[in-house]
Amino acid sequence: MEQTLKGVLDPLILAVLAEGPLHGYAVIEELKARSGGELDLPEGTVYPALHRLERRGLLRSAWTRAEGRRRRIYRLTAGGRRELASKAQEWRTFARVVEGVLP
Amino acid sequence: VIDELGRELTRVGIRGRRRDRILAEFADHLACDPDANLGVPRLLAEQFADELATDAARRTALWTFGALVVTAIVLFVAQVSLPTIPDITDGRSLVLAALSALAMVIGSQVAFVSGTLAALRALRRKRVTALPAEEVALLRRRIAVACAAGAVTAAGSALYAFNVWNFVPRWWSVLAVASAGAAVVPLAACAVAFARASSITVSKPGSAGGLSADLGALARPWLIGGSAVLAMLIATSVLEGSLVEGALRAGFEAVAFSACFFAFRRPLALTG
Chain A
21 MEQTLKGVLD PLILAVLAEG PLHGYAVIEE LKARSGGELD LPEGTVYPAL
71 HRLERRGLLR SAWTRAEGRR RRIYRLTAGG RRELASKAQE WRTFARVVEG
121 VLP
Chain B
42 VIDELGRELT RVGIRGRRRD RILAEFADHL ACDPDANLGV PRLLAEQFAD
92 ELATDAARRT ALWTFGALVV TAIVLFVAQV SLPTIPDITD GRSLVLAALS
142 ALAMVIGSQV AFVSGTLAAL RALRRKRVTA LPAEEVALLR RRIAVACAAG
192 AVTAAGSALY AFNVWNFVPR WWSVLAVASA GAAVVPLAAC AVAFARASSI
242 TVSKPGSAGG LSADLGALAR PWLIGGSAVL AMLIATSVLE GSLVEGALRA
292 GFEAVAFSAC FFAFRRPLAL TG
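So the protein lines, in turn, are chains A and B.
Numbering-wise, the first sequence is residues 21 to 123 according to this note's numbering.
Numbering-wise, the second sequence is residues 42 to 313 according to this note's numbering.
Keep in mind that a hint or two might mislead.
[Unchecked claim] A few chain A residues facing chain B, derived, Cβ under 8 Å:
hint : residue
1    : G64
2    : P68
3    : R75
4    : R92
5    : Q109
6    : E110
[Claimed, not checked] If you anchor each label on the Cβ, the simulated ranges turn out as follows:
hint : chain 1 : residue 1 : chain 2 : residue 2 : range
7    : B       : A189      : A       : E74       : 27 to 37 Å
8    : A       : E119      : B       : V233      : 33 to 43 Å
9    : B       : A304      : A       : A38       : 32 to 42 Å
Keep in mind that the hints were calculated from the coordinates and are not lab data.
Quick reminder that beta carbons are idealized off the backbone N, C-alpha and C, glycines included.
Produce the complete structure using the sequences and hints provided.
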C-alpha cells in the first residue's frame, strides 16, 4: 500500500493544492484527512515531492511569516491544473480496467 | 532532527539557499507538530540530492547540446567565409597547421558524439525522478567531454587563423579569432552550470546502461564508424574531384574514429 501510494504521491499533492494554497504541514494533514488516515508515509518525504513539482513548473511557492516563523506556501500553476486533470483521467481509466478484471 | 538533516544535506552537497529553505520548511513542520514522523534525515537528504542532481544533469546535457549547435554554426560561418583556402605549406609552421587541423576535425567529432549522446540520454530518461549514481556520472562525463572538445575545436579554429594570418585577408583572420572566442562563451556557461551541478553527491544504486540505452537497435559503433568513413570517402572524392584524396581522408577518418573509440569507449559508455 505504501509503495503504491508513493507512486501516486505527486497527483495526490496536486489534488490537495487544487483547493487552494497550503504550506507543507497543511498539505500532509490534508492528505491524511482525505485518505481516512491510510496515507501514513514518513511526513518528510512530501517535501522532496513538493520541490520536485515546483521544479517541473506544476507548483510555485513563496515565503510568508506565521507565528514568527518563515513558512513556504505552495500553490498550483495552470500547468499543475492540466497535469492534475490528465493524471486523474489516467487513474480513472486504470482503476476501471483493474476493477473489470479483478473478481 | 534539524541539526542532523543540516549535516546530511551538507554531506550530499546541498548548500546555500536551497539548504536553508529545506531546513526552514522542516523547522516549521516540527513547530506545527513536534512529534511528527519526518523520516530518517540521511535518507531524506539523499532523496533531495538524487532528484536535484538528476534534474541538473539532464538540464545541463540539453544546454550543452544547444551550446554546441551555436558553437558549430559560429565556427562554420567563419570557415566558409574564407575567400580562398591557402595551401597547407603557406602558414607560419606545418606543426601549427597540423595541430589546428587535428583540433578542428577530431574535436568537432568528439564534441558531436559526446554532446549528442548526453542529450539523447537526458531525453530518454526525462520522466525518471532520480537516476542511479552511475548514470548521473555518465551524463556528467559526457557533458564534460562535449564542452572540452567543443572548446578544443574553437581553439583549433583560432590557431588556424593565427597560422595563416599573413596569407588571408586581415578581416577574415580577425573574424575567425573573434568567432572562436564567441563560440566558447556558451560552452563556458555550460561548464559553470556543470561545475555547480556536479557538487551534489548521488546515492541511488543501479547501472548506467550502455550505448543501447541511447540508440536502441542502432547501437553498433563499428557500423556508425564505417558509415562515417564511407561518407567521408564519397564527400571528399566528389568535392576534391579525386578518389585518391577521398581515400586519404577516409583513411584518416578511420584512424581517428578508432583512436577516439578506444580512448572514450569506457568513460562515454560507447558499447553495450
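Status of each hint after checking the structure:
no.	hint	result
1	G64	holds (4 Å)
2	P68	holds (5 Å)
3	R75	holds (6 Å)
4	R92	holds (5 Å)
5	Q109	violated (18 Å)
6	E110	violated (13 Å)
7	B:A189 with A:E74: 27 to 37 Å	holds (33 Å)
8	A:E119 with B:V233: 33 to 43 Å	violated (52 Å)
9	B:A304 with A:A38: 32 to 42 Å	violated (53 Å)
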